[in-house]
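Model the full assembly from the supplied sequences, consistent with the hints where possible.
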Amino acid sequence: MDDPKRKYVIPGDVITTGPYRAEENVHLFGDKIIATAVGISEIFDSGVRVIPLTGMYIPRIDDFIIGIVRSHTSLSWELAINSCYPGILPAQDVFGRDFDPKVDSLTSRLKKGDLIAARVANSDRSRDPLITIADRDLGKIEDGELVKISPTKIPRLIGKRGSMIQSIEGATKAQITIGQNGYIVVSCPEAEGLLKALDAIRMVEEQAHVPNLTERIQQMLGSNSE
Amino acid sequence: MGVKKSDIVLLDDKGLRCDGRKIDQPRRIMIKAGVLKNANGSAYIEFGENKILAGVFGPRDVHPKHLANTDRGILRCRYHMQPFSVSERKNPAPSRREIEISKVIKEALEPAVMLENFPRTVVDIFIEILQADGGSRCAALDAAAVALADAGIPMRDMVSACAAGKVADTIVLDINNEEDQEGQADMPVAYMPNLEKITLIQLDGVLTPQEYEKCVNTAISGCKLVYEIQKKALRDKFFGDESQ
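Listed in order, the protein sequences are those of chains X and E. First residue of the first sequence: 0, per numbering that gives the first Met the number 0; consecutive thereafter. First residue of the second sequence: 0, per numbering that gives the first Met the number 0; consecutive thereafter.
In short, the hints are calculated from the structure, not lab data. Incorrect hints may have been included.
To be verified - Short derived list, chain X residues pointing at chain E, Cβ under 10 Å:
| id | residue |
| --- | --- |
| 1 | 43 |
| 2 | 54 |
| 3 | 55 |
| 4 | 83 |
| 5 | 87 |
| 6 | 124 |
| 7 | 129 |
| 8 | 191 |
Glycine included, C-beta positions come from ideal geometry on N, C-alpha and C.
As structure tokens, then:
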């Protein structure tokens with residue numbers, strides 16, 4: 000890698016020493032800043048962080064995610080969100096404040112296997128993360144193909160200022176909804192566009208660490224359409 | 000068993016050991032990361048004649064639930080030898096030795112894994128010995144550490160392990176099966192190379208204080224060699240040709 004401020008690291012690698020702030024995926028040992036994950040280290044302003052290349056999704060407040068309904072109790076749904084904790088979607092969120100568990104049946108709105116676009120309302124690891132769909136553009140996803148990729152590759156799929164995702168959407172006419180948790184829903188009126196978009200997403204996942212990936216994807220999409 | 004004690008020359012007059020190695024030379028080591036699709040992280044190691052597969056799951060829900068810890072995650076480890084891993088069929092049920100090694104591997108990895116980041120969860124490590132030679136606990140630890148890093152579980156440092164021992168009154172690095180059976184001492188050591196901390200040390204045999212110190216230092220130098228190979232395995236998987 001040419002940039003001296005970025006390097007490939009594995010757990011235990013000393014990224015730098017000195018008065019830096021330890022941000023994500025690093026820890027401070029004496030005056031050494033040590034990587035705790037496999038990834039690319041970055042030194043910016045006065046902080047150091049590692050962008051991981053592998054690992055689980057850790058829910059963070061305000062993350063936009065896609066969840067799969069797994070089960071429900073009389074008061075809430077339980078969602079698979081590709082994390083070590085299940086997401087909890089309270090019934091009031093869907094039925095409104097006058098929700099009555101004696102009258103309203105949760106399965107009438109969301110059934111097992113349904114996909115929802117949601118946001119993380121609260122997450123502090125002492126309890127299961129609270130999920131909400133009470134916002135614009137959130138709620139049940141009616142159609143589309145679900146793709147699961149590693150959540151660590153999501154920033155790469157979006158690209159700088161959305162460049163990557165825009166070029167995929169533009170070339171395939173597909174509509175792509177990306178959840179920060181690594182779940183992606185692709186919908187497209189044409190089967191060919193859908194397949195091309197899926198191929199492009201898989202290519203991003205496989206080659207996330209390769210430079211100039213946006214150009215490679217554009218080339219791939221261009222050559223397919225000819 | 001078949002060979003009498005007097006049949007093996009552990010150290011010849013040229014300073015070579017029974018398998019032709021010098022006293023400070025480890026066996027051939029090869030590690031490959033990410034060999035299994037269904038596990039979150041995995042690694043395969045060949046350490047001399049040892050062939051070991053390690054798979055990692057998690058962090059994930061703890062079952063049974065009463066084992067869960069509310070302020071940190073827990074680590075579980077299973078070291079298991081396949082029936083065909085030794086020359087005479089091994090009963091696949093966990094033996095006293097396997098239970099002990101599972102425990103020491105778990106305790107050797109615990110200081111490195113940042114379990115406090117994942118309360119109420121478990122990280123499961125499964126180690127299968129496909130073929131056993133001397134020093135399988137060290138080799139298993141090396142594979143488990145690579146599998147943990149492959150799974151993206153936050154770690155303070157890698158854990159590298161290597162044994163040293165005493166054969167024919169000489170301290171040697173990385174003892175093999177014959178040296179283990181016929182030698183005078185065996186000392187497996189696991190080490191965090193960047194933090195310079197020992198996470199496992201066992202000793203089977205009798206050493207003088209001077210020999211003990213030399214043995215620890217020899218084992219640590221072996222751990223550092225293993226660390227380079229672990230690093231290469233992870234770099235090969237994640238960075239391909241572009242790693243420096």
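A quick look at each hint next to the structure:
The interface hint given for residue 43 of chain X is broken, as the beta carbon of that residue sits about 20 Å from the closest beta carbon of chain E, more than 10 Å. With a cut of 10 Å, the hint placing residue 54 of chain X at the interface with chain E holds, because the nearest CB-to-CB distance is about 3 Å. Hint status for residue 55 of chain X relative to chain E: holds, with the closest Cβ pair at about 6 Å, below 10 Å. Because the closest C-beta pair between residue 83 of chain X and chain E is about 4 Å apart, less than 10 Å, the hint holds.
Violation of the interface hint for residue 87 of chain X is found here, the shortest Cβ-Cβ separation to chain E being roughly 14 Å, above the 10 Å cut-off. Taken as an interface hint, residue 124 of chain X checks out: its beta carbon lies about 5 Å from the nearest beta carbon of chain E, inside 10 Å. A distance limit of 10 Å between C-beta atoms decides the matter here; for residue 129 of chain X the minimum to chain E is near 15 Å, and the interface restraint is violated. Because the beta carbon of residue 191 of chain X sits about 28 Å from the nearest beta carbon in chain E, more than 10 Å, this interface hint is broken.
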